[in-house]
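Taken in order, these protein sequences are the chains called U and Z.
Heads up, the first sequence is in our numbering, so the first residue is 1 and it goes up one at a time.
Heads up, the second sequence is in our numbering, so the first residue is 1 and it goes up one at a time.
Just so you know, the hints here were simulated from the structure itself, not pulled from any lab data.
Here the structure is a predicted model, which means the values were calculated and not measured.
Misleading hints may appear alongside valid ones.
As the list claims (entries may be wrong) - In silico lysine to aspartate or glutamate, EDC-like type, Cα no more than 16 Å apart, as pairs: (1) U/Lys24 - U/Glu11; (2) U/Lys41 - Z/Asp122; (3) U/Lys41 - Z/Asp83; (4) U/Lys41 - Z/Asp64.
Stated by the list, open to error - A partial selection of chain Z residues facing chain U, derived with a Cβ cut-off under 10 Å: (5) Ser61; (6) Trp86; (7) Pro90; (8) Arg199; (9) Trp207; (10) Gly235; (11) Ser236; (12) Thr269.
A virtual CB, placed ideally from N, CA and C, is assigned to each residue, including glycine.
In case you want the letters, here they are:
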Amino acid sequence: MTHDIHAYLAEFDDIPGTRVYTAKRARAGYQLNQFCMSLMKAENRERWKAGEDDYLAGWALSDDQKAAVKARDYNRLLDLGGNIYFLAKIFSTDGISFAEAVSTMTDMDFPTYRQMMMNGGRPPQGNRSIKGGW
Amino acid sequence: MARITAGIASSHVPLLGVAVDQGKSRDDYFGPIFAGYDWTREWLAASTPDVVLLVYNDHASAFDANIIPTFAIGCGERFRPADEGWGPRPVPEVIGHPDLAWHIAQSLILDDFDMTIINEMDVDHGLTVPLSMMFGQPAAWPVRVIPLAVNVVTYPVPSGNRCWALGEAIARAVASFPDDLNVQVWGTGGMSHQLQGPRAGLLNREWDNRFMDLLIGDSQAARAIPHIEYLRETGSEGIEMVMWLIMRGALGARTRLRHRHYHIPCSNTAIGHLVLEPTE
Ligand SMILES: [Fe+2]
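With the rest of the complex left out, here is chain Z (with noise of 0.2 Å):
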């Protein structure tokens, strides 16, 4: 049987990206960032699971105003990186896992998750950022990756009791795939920034905090944080942090902690980093 072995939680800004394509990642202001991965990709490279249930958000660059799908999963064979305006990352094609993705879409809308199915679409750094930071520039990514793209830019989005819930959801349609694989649930993005108007800039290093330390154990409490609180304390695309809550609610009744990191600032925003593992 699949099951679900660790959940990783990581910002995904896109300047980690261009530190990585560039070669600037032990650098000055890169550097403590990245050390803060080190311990997570020595342990993955010992224990590389077969295939990584990648939560993130598209930032218009596979789904344009037009079309605004609260879940989305990924289908398909392989997933290209994305033109984001300056040409595609140099990174590997993203290459998908459709029966377990397809055996995940069809428990999910059974179990009452609307899911949006997609075959094609190019994934942009919201994605292939956590690649890079977990594995370095290897040529070709060690991991089958099931994209789950959320609506965190027109709200609402979805609620973070959602988020969680749909979190137990997969964890259930991964405990009923007949095959024996080795599943992680990643949930990127975050933490607290604000990309836009006067209060730009935003960051907020207690909260975030507290916010890592309700995902150990077997706190409930996150689950229940409203949008207006992300909002007001983190700053408008704080809000991405709902898709930690996937992840997490995967990882089961309670967790343990492996790993953890915070870093201010990236640019415009804080990163934080988790290494989960569901205990009973």
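Okay, chain U solo, but in the shape it has when bound (with noise of 0.2 Å):
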């Protein structure tokens, strides 16, 4: 068990096609995070779907946060800091599942990623580590 906090984070970045949301993303995506959160309450997705900019314009994100969630861009999202549970607010609003908003971020469309699901899901070999290839 390692309790060098910098060691403990380097190896998350050695992982595959992921984005572990540590701090550092916890900081950058405190108002996207916060902005999502604010999906929760019914008035708010009215007036949400009413005008998507109108109702961004009263948060402070960066124009890339808001170009991300105007595209629905969801691995963009993670990368600027946005996590899992609360982008799950955005595509919740829109009507779409779990499932299919997480085959947005894979390069499968929905049925083949429920296919692959239905198939035991995307196997650990060669998926564990960048550097390693296992």
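Relying on the hints, combine the two individually framed chains into one complex.
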């Protein structure tokens, strides 16, 4: 068990296709995630649906974050500090299931992704380490 | 005296709650998942505990990005099902056990666990889905519930060893409560799943089953599994399994298996379920 925070965090960057929600990301994404959280309220969802630009104007998001929200680019939103449980408020408001939203972050369309899950999911082999390739 | 009589581990996928609420739990997709809980439902009906200390995590429902308690214990009288974006689940209110909860909170703090105390919070699928899996759709839950919420979202989350040690401290706290209460500890979440990024959809049947093996008997090996191993082997959300270790720690030196179930997939997730009893 490592107790060196630098070594602990560095290992996270060796996992393929994964953004671990570290303090650095939580800090960068604080306003983004709080914006997402605001969509938990029905009246806010109505305002959001009536005009995304007007709604976003009330939040201190970066231009990149705003553009990624509007594009529903979830991989980009993860890079910009979004956390999936918060981002879920956006796709839930869009009426999209968790599995379908998740599939948009992979290189598969939803039917192909769903079939992969029915077949036992994505295998760990080759997906554990970038450097090691195992 | 209060005593811990059993531990239950279970996944808490939101889609399972949808299946129960919409009456789909015996269809082709969900049937094999729910069949693995039949034994437990019958066993619980015959030996219902007084209180369940239910270890789970909040999924951006009661807690936003502002305040992130590592370990939070619900000491309130009652907890409402959370509105997770589609309105609250049509399930009964969760009735707490403030006397025992406050006793545990005080005991844990004296025992060097710096708990966050919550009086009012709504509880999301992490807590209500396991109740539905074990009890079905009663008009009122047949047990009192003490919610114990763990941060498994923002890193660093607590270590497996710390979770196990918290379970051990919970056992000491329960044992010093004067009322005669039958208490179970449930650890929820997991098993392997990744809900984000290009690697989403990762599942690991072999690792999950080895993890379940480690919770049966007297092995202490699971407490040393580092975060990076959960992340690499079981996906970014597989880290929820550290919450199972709080349950395991609360059962003492040795456990015996009463029931075990594993099924792939439920949406993005591997379903795992254990019923364990402490042995001398
Ligand atoms: Fe969860």
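Hints, one by one, checked against the model:
1. U/Lys24 - U/Glu11: 15 Å, holds
2. U/Lys41 - Z/Asp122: 14 Å, holds
3. U/Lys41 - Z/Asp83: Since the Cα atoms of U/Lys41 and Z/Asp83 sit roughly 9 Å apart, the hinted pair holds (cutoff 16 Å).
4. U/Lys41 - Z/Asp64: 13 Å, holds
5. Ser61: 8 Å, holds
6. Trp86: 7 Å, holds
7. Pro90: 17 Å, violated
8. Arg199: 3 Å, holds
9. Trp207: Constraint on Z/Trp207 satisfied, holds at 7 Å.
10. Gly235: Hint on Z/Gly235: holds, closest Cβ of chain U at ~8 Å, below 10 Å.
11. Ser236: Hint on Z/Ser236: holds, closest Cβ of chain U at ~5 Å, below 10 Å.
12. Thr269: Holds: closest Cβ of chain U sits about 9 Å from Z/Thr269, inside 10 Å.
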